[in-house]
Amino acid sequence: MNDLLEYTLRLGDDALIAAQRTGEWIAAAPQLEEDVALGNIGLDQLGQARSLLQYAGSLDGRTEDELAYFRDEREFRNLQLCELPNGDFAFAMARLLYFATYQHLLYDELRSCADETLAGVAGKAVKEVAYHVDHATQWVLRLGDGTEESHRRMQAALDALWPYTAEMFASDDVVRQLSVAVDPSTLEEEWTRRVTAVIDESTCERPTSSYQHSGGRSGRHTEHMGYLLAELQHVARSHPGATW
Amino acid sequence: MNERSEFISKHSVEPLYEVFVRSRRGLSHTHVGSLHAPDATMALRNARDVYTRRQEGVSIWVVRASDITASSPDEKDEFFDPAGDKVYRHPTFYEVPEGVEHL
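Protein sequences, first through last, are from chains A and B. For reference, each letter of the first sequence is one residue, going 1 to 244 in my numbering. For reference, each letter of the second sequence is one residue, going 1001 to 1103 in my numbering.
Okay, chain A solo, but in the shape it has when bound:
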């Protein structure tokens, strides 16, 4: 597989799987307004996924639908962070804080890359994810610095997701060899600074876990990924080629 295709799939799969998890919150959020907010955020992520998967597909003759619905688990290149099942609302906001902050730094770099399509997608998405960061930040602050129970849950969520954050910054031959790619290891310092600032203000403690999961970029996923794909893909596979 060529590096540009591999790299675009990573970006697209992150966005697609994140969108699927965010979308699961619709009609299950703590308030109607949050249903709509998370619906908007999920659709932003889905829009990014579509643009990126269309581009990836154009590189090897597949459509966005073939890539989303007819690849198996081991062919997906997303971060494990994106596929973990939704826990409570604090978990959703901790994940959004970690992931959107990463995406924001990434897209901000990528919009000046030499590949016009990737730069275009990044230029549009950077404003969307800036809002996702803000939304997550507002909630982390309120839950962390809220009641005893909300603080406990916020801390637990930040802790539970921390071991999945190093994977975002893992560097490999693909990102080092591909000139248009952003080497994610260059984003880690600023990501840590921004996320730490929010966690500090929320009165939570920044997690310090030494063990870090990895594998998503090479198609090794958590046990939850299969269930997610079953739900995501089952209609398309039951009725191949169906339109409405």
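Derived by calculation from the structure, the hints in this document are not laboratory data. Remember, predicted model here, so these are calculated numbers, not experimental data. Glycine included, every Cβ here is placed at the ideal spot set by N, Cα and C. Be aware that one or more of the hints could be misleading.
What the hints assert, rightly or not - Covered by chain A, per the in silico footprint, the following chain B stretches (three or more residues, Cβ under 8 Å): (1) 1030 to 1037; (2) 1046 to 1059.
Claimed, not checked - In the EDC-like style, the derived pairs of lysine to aspartate or glutamate whose C-alpha atoms are separated by at most 20 Å in a straight line are: (3) A:K127 to A:E109; (4) A:K127 to A:D108; (5) A:K124 to A:D134; (6) A:K127 to B:D1049; (7) A:K127 to B:E1056; (8) A:K124 to B:D1049; (9) A:K124 to A:D108; (10) A:K124 to A:E109; (11) A:K124 to A:E64.
Please build the complex by placing chain B on the supplied structure of chain A, with the hints as guidance.
Only chain B this time, still in chain A's reference frame:
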């Protein structure tokens, strides 16, 4: 009251905010609806998500519903009825000179 709104009104400690949006061409903010939020910052964000997701506006105001002083329906008669027969308050008693276009 349906089950959900009953549940929310019983359990929600979040105050109600009224939302005003200024549209792209509009000169003034117009009331568009209301929503619940824990504080004004979140109310503004919720309003962005609920009321401007189809490019309805370029500026939003939110104000706590409890901070609005409103006229009472009971006072409707003395507040509004006396204006009903004061036709001379409308600028309709002037002859418009011929040739004046933009009056």
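Hints, verified against the model:
1. 1030 to 1037: holds (count 3)
2. 1046 to 1059: This one holds; 4 residues, not fewer than the three required, reach chain A with a Cβ under 8 Å.
3. A:K127 to A:E109: holds, 13 Å
4. A:K127 to A:D108: holds, 9 Å
5. A:K124 to A:D134: With Cα atoms ~17 Å apart, K124 (chain A) and D134 (chain A) stay inside 20 Å; holds.
6. A:K127 to B:D1049: Distance ~15 Å between K127 (chain A) and D1049 (chain B) Cα, so the pair holds.
7. A:K127 to B:E1056: holds, 18 Å
8. A:K124 to B:D1049: holds, 18 Å
9. A:K124 to A:D108: Given pair K124 (chain A), D108 (chain A) holds - Cα atoms ~10 Å apart, limit 20 Å.
10. A:K124 to A:E109: holds, 13 Å
11. A:K124 to A:E64: Holds, because 19 Å separates the two Cα atoms, which is no more than 20 Å.
Going down the numbered hints, you'll see the structure goes against none, and every one checks out.
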